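So the sequences go chain by chain: Y and P. Add 20 to the 1-based position in the first sequence for the numbering used here, that's all there is to it. Add 293 to the 1-based position in the second sequence for the numbering used here, that's all there is to it.
Read the hints as simulated data drawn from the structure, not as lab findings. Bear in mind that the values here come from a model prediction, so they are computed numbers and not experimental data. Just so you know, even glycine gets a beta-carbon here, dropped at the ideal spot from N, CA and C. Be aware that a few hints might be false.
[What the hints assert, rightly or not] Cross-link-like lysine-lysine pairs, in silico, DSS-like; alpha carbons within 27 Å at most:
1. K61/Y - K345/P
2. K84/Y - K370/P
3. K370/P - K40/Y
[Said to hold, decoys possible] So the derived list for chain Y, only partly shown, Cβ under 8 Å to chain P, looks like this:
4. V23
5. C33
6. G36
7. Y78
8. G81
9. S110
10. T124
11. G128
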Amino acid sequence: GAVVSQHPSWVICKSGTSVKIECRSLDFQATTMFWYRQFPKQSLMLMATSNEGSKATYEQGVEKDKFLINHASLTLSTLTVTSAHPEDSSFYICSAQGQGFTDTQYFGPGTRLTVL
Amino acid sequence: GNSVTQMEGPVTLSEEAFLTINCTYTATGYPSLFWYVQYPGEGLQLLLKATKADDKGSNKGFEATYRKETTSFHLEKGSVQVSDSAVYFCAQINAGGTSYGKLTFGQGTILTVHP
């Protein structure tokens, strides 16, 4: 149980284009989802927290107009990187927290974004 | 503020050696503590957790005990395998304040086990 998927697992795009990453909780309802960014050989940096049906809360220093987050249902959250640039290249990981798992987050496998 | 400090790596061991990865935390209140493991090219997997003082989390031969008096949650395994090679993250979930419910991670420790 408590499986989280991400799609795509990797994506390469041209500079200036937008990329959408999906995060799904497959066997539970996720009231809260989190988006992280991980640089090579570094820890995870929390970008934003999203609750179903409400606007995401962004961490300090994260551009909300660049990283659009939508949490339209209890099983799906999306992160859209708008007008991507090479410095946005990174490993993006989502996690989900259900009503019964208030102290545990379950992580997706991550999405490797490369912007050329 | 809340923080997690892990033993610096990388750690290199021979198969069947004993493993300890140190982790200490600072927090307001009484957080839940976690160890996550990340295999190459993958996301994080929950390895074990403990929710209150003196609790011991265990899974796949790994153990960690929540020590409130030393604010520590060290990860141990009696006999490591090559398949344990991965990055290990210690984390706490904030129990109060404006960061309630958010995970704070340590910097990660790379473990490599040789045959």
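Do the hints match the structure? See the list:
1. K61/Y - K345/P: violated, 30 Å
2. K84/Y - K370/P: Measuring from Cα to Cα gives roughly 42 Å; hence the hint is violated.
3. K370/P - K40/Y: violated, 40 Å
4. V23: violated, 11 Å
5. C33: violated, 19 Å
6. G36: violated, 27 Å
7. Y78: Interface hint status for Y78/Y: violated (12 Å vs cutoff 8 Å).
8. G81: violated, 15 Å
9. S110: Violated: closest Cβ of chain P sits about 13 Å from S110/Y, beyond 8 Å.
10. T124: holds, 7 Å
11. G128: holds, 5 Å
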